[in-house]
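Asker: Sequence:
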Amino acid sequence: MSNPLRTTAKTTRIAGHRGHSAGAPENTLAAFRKARAIAGPGVTCETDLALTRDDELVLIHDETVDRTTDGHGLVREMTYSDIAKLDAGRWFNEKFAGERIPLLRDALSLARDVGIIYQVELKIYNQNDKIFAKLKALIDELGCADLLQFSSFDFVQLRAVKEAIPDVPTVALSHSRLIDPAAVARQANVDAVNLEIQHFPSGEARQLHDGGFAVFLHVPRPERLESLKKYGVDIEAQAVGWVREGLLDQVISDDVEQVVRIMNEARGALEISDEILQTRQDLSTPVSVGSPPANRHTVDSFGQGHDQNGRDSSARFQETSQEILLATTLDWLAASEEPTQSSFSYFIEEVDSPLISPFDHVNWRRVKAYIAQLGSQETSVATSILALQVVYRAQAGRLPMAHAMSVNQAAISVFESLSGNETVDFDIVLVVAFLLCLSVATLPNEDGPPFGVLDGTFVARLETWFLSGHQSPVGLRIGVWLQLLHIAIKRVGNPGLLSKSVSGLLHNHIKEIPSLTALDHEAHPADSLYDIISAPIFTFYREVQDISSQVADVTHYRRSRITAADQAEVTDILNRLKDNLCNLWQSRPAPLRLDAAELQQHFCPTIADPLTTLAGLCSATYLTEVVAMGRILGHPSFASPEAKDAMQRIRDIVDGDRNASTERVLNPGYLRPLFLYAIESFDQEQTQWAVNRLKQIKSPISRSDFIASFIESHGEVQRMQGRRVTMKAFCYQRFGVPLPYF
Numbered sequence: 001m002s003n004p005l006r007t008t009a010k011t012t013r014i015a016g017h018r019g020h021s022a023g024a025p026e027n028t029l030a031a032f033r034k035a036r037a038i039a040g041p042g043v044t045c046e047t048d049l050a051l052t053r054d055d056e057l058v059l060i061h062d063e064t065v066d067r068t069t070d071g072h073g074l075v076r077e078m079t080y081s082d083i084a085k086l087d088a089g090r091w092f093n094e095k096f097a098g099e100r101i102p103l104l105r106d107a108l109s110l111a112r113d114v115g116i117i118y119q120v121e122l123k124i125y126n127q128n129d130k131i132f133a134k135l136k137a138l139i140d141e142l143g144c145a146d147l148l149q150f151s152s153f154d155f156v157q158l159r160a161v162k163e164a165i166p167d168v169p170t171v172a173l174s175h176s177r178l179i180d181p182a183a184v185a186r187q188a189n190v191d192a193v194n195l196e197i198q199h200f201p202s203g204e205a206r207q208l209h210d211g212g213f214a215v216f217l218h219v220p221r222p223e224r225l226e227s228l229k230k231y232g233v234d235i236e237a238q239a240v241g242w243v244r245e246g247l248l249d250q251v252i253s254d255d256v257e258q259v260v261r262i263m264n265e266a267r268g269a270l271e272i273s274d275e276i277l278q279t280r281q282d283l284s285t286p287v288s289v290g291s292p293p294a295n296r297h298t299v300d301s302f303g304q305g306h307d308q309n310g311r312d313s314s315a316r317f318q319e320t321s322q323e324i325l326l327a328t329t330l331d332w333l334a335a336s337e338e339p340t341q342s343s344f345s346y347f348i349e350e351v352d353s354p355l356i357s358p359f360d361h362v363n364w365r366r367v368k369a370y371i372a373q374l375g376s377q378e379t380s381v382a383t384s385i386l387a388l389q390v391v392y393r394a395q396a397g398r399l400p401m402a403h404a405m406s407v408n409q410a411a412i413s414v415f416e417s418l419s420g421n422e423t424v425d426f427d428i429v430l431v432v433a434f435l436l437c438l439s440v441a442t443l444p445n446e447d448g449p450p451f452g453v454l455d456g457t458f459v460a461r462l463e464t465w466f467l468s469g470h471q472s473p474v475g476l477r478i479g480v481w482l483q484l485l486h487i488a489i490k491r492v493g494n495p496g497l498l499s500k501s502v503s504g505l506l507h508n509h510i511k512e513i514p515s516l517t518a519l520d521h522e523a524h525p526a527d528s529l530y531d532i533i534s535a536p537i538f539t540f541y542r543e544v545q546d547i548s549s550q551v552a553d554v555t556h557y558r559r560s561r562i563t564a565a566d567q568a569e570v571t572d573i574l575n576r577l578k579d580n581l582c583n584l585w586q587s588r589p590a591p592l593r594l595d596a597a598e599l600q601q602h603f604c605p606t607i608a609d610p611l612t613t614l615a616g617l618c619s620a621t622y623l624t625e626v627v628a629m630g631r632i633l634g635h636p637s638f639a640s641p642e643a644k645d646a647m648q649r650i651r652d653i654v655d656g657d658r659n660a661s662t663e664r665v666l667n668p669g670y671l672r673p674l675f676l677y678a679i680e681s682f683d684q685e686q687t688q689w690a691v692n693r694l695k696q697i698k699s700p701i702s703r704s705d706f707i708a709s710f711i712e713s714h715g716e717v718q719r720m721q722g723r724r725v726t727m728k729a730f731c732y733q734r735f736g737v738p739l740p741y742f
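Residue numbers (the numbering used here): 1 to 742.
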């Protein structure tokens, strides 16, 4: 059975909260008439039901008559005869003097005459038998079920009224976010749920629509939105977008004119009127060649004369305006269509992650192409690709983020529904999770908790996926990349990207990563050979990052370091990790044992060049952990001879022939080595060298220019104070923000 309250983007209902209460006294016939005059037939008027002492059904919001009349007292203790004597209009404006609190019966009579639907909030509790019987009798008498909806904050009452009066749709009201709104709506047997606007971008609308339920939204009146608009938060514009996306079945406000304005703007981009269609037909009609045009002459100024067919300027302007309207309407319609793979060109060609791609560039390219192909088949993947695209573009171009964050939040909401849907293959869930995590890593560091949407059902499904024994190569590769993102975010003093449950599952279950050569159907043989040679180097890099994660766990951000016992324990841990790192280096893959000239000698350029770059990056990464351990240990107060040797070797790699830079653009994979080199250098020349090199990293997402400014200021303070200065605290003190991820 279809839901009577569901609509389309073109038919979203207009509703007035207590009638047009911005322009007339609330819950009066005057307010209902005003709403009808503004919005036309079919307008919905929300109103509130109360019961008098003599059991008459009246429309008033409060328990007392004090606020909205010239009387005093509890409604339930007054007879309707008493209430009918009160003036319910003068308090609002003198011109409404004489308005009365209406009976529900009188309001329904008006509704039948002029075309109004009432959404009646049941504000009478614990009297269901009496109220339902009176409502049913009135509905049967007037034959007005089609003019009513029942709403309530009491979901148990809504379920009961649907059983008693099944012909009247019901609407659930809630000020809170619901963990599973569709499940709650199903239990309450309602037709619609009214969402709070502050929670609306969180995704409940899509969950409810997927479950077959209508979605209503209350928009605050314009004067309450002005202060937000001054700061760039345009709630009305957001509502227009939600209508265009088909997320809303009804919009309600105290100000019905405001709702009409929202609808007109939304529908202007969705509807092609008969007049415009006729214009398109007229414009496509061939010109007759049977008779010559009359009055052939040109027009040399705007708004003067006739065109070559003898039409005056007003006719030409009318045609031009219709052409413009037609073109813009068609463009808006195209923008609202489902994305195709061509929509992902920016993702394929431009979106990058300096935390992943420098160390796995061939597979990065392959996986992006695979995800784009998947996005042309799976809406959830497409939504996440588009969200990542818009976030990346806004960050790279230093553009306003309001729209990007709205799109990204919508993608997160889709994922929250997706991850718990057992009918969706987990590989798709994992791809969407990865795209959302890339968005997190692309956005500035906000020093917040782990990405919470990857908890709960996602953890359970991830564990089941590992236990099944059937993991795709792409899924395993993505799992490793998620670990790399988590470690990079964790190193700057954050809790990390992933919860302990997710990071633990990925770490414990992914031991080997299969090749993705099968994804590259047109791969050159050299690419396949590079794949084989580079695989152990990436494994080496991954193992270094695992040690880096353990090193981050003993920083003062994550454990106590203020007692001798603390320091002794940390020293033991770091000595063990240093041994592990040394053993890893001793068993490093063969390409890491060769210098650049030897690699060029043994391999053709198409293999040697990227292999040389990767070897340089991974060698610098290993040396960076040597420096990091010395800094975290904190003794001696300056870099140890071992750390200084590692720093010099980092500098040699960056300045050497390891393909560290191309055309004076430095590989972003060197950002962290340069950062550690700089903060452990107390020599101004060394700091300045690192600053200059960081400025050669031209990736805006890496935020290398900011990091260059940071280490320049940080180095100056360290030299002035003659000691190591805490990075995170200094960044907040000097720049007012946390350190970027690297």
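Any given hint could be a false lead.
Under the rule of at most 27 Å between Cα atoms (straight-line distance), these lysine-lysine pairs were calculated in the BS3-like manner [claimed, not checked]:
#	residue 1	residue 2
1	LYS698	LYS578
2	LYS95	LYS130
3	LYS85	LYS134
4	LYS644	LYS578
Hints were generated in silico from the structure; no laboratory data involved. What you are looking at is a predicted structure, and each value in this text was computed from that prediction instead of being measured.
Asker: Compare the structure with each hint and give your call.
Answerer: Status of each hint after checking the structure:
For the hint linking LYS698 to LYS578, the alpha-carbon distance of about 33 Å lies beyond 27 Å, and the restraint is violated. Using a Cα cut-off of 27 Å, the hinted pair LYS95 and LYS130 is violated, with the two alpha carbons roughly 37 Å apart. For the suggested pair LYS85 and LYS134, the alpha carbons sit about 23 Å apart, so the restraint of at most 27 Å is met. Between LYS644 and LYS578 the CA atoms are separated by roughly 16 Å; this keeps the pair inside 27 Å, and the hint holds.
The structure shown violates the earlier hints numbered 1, 2.
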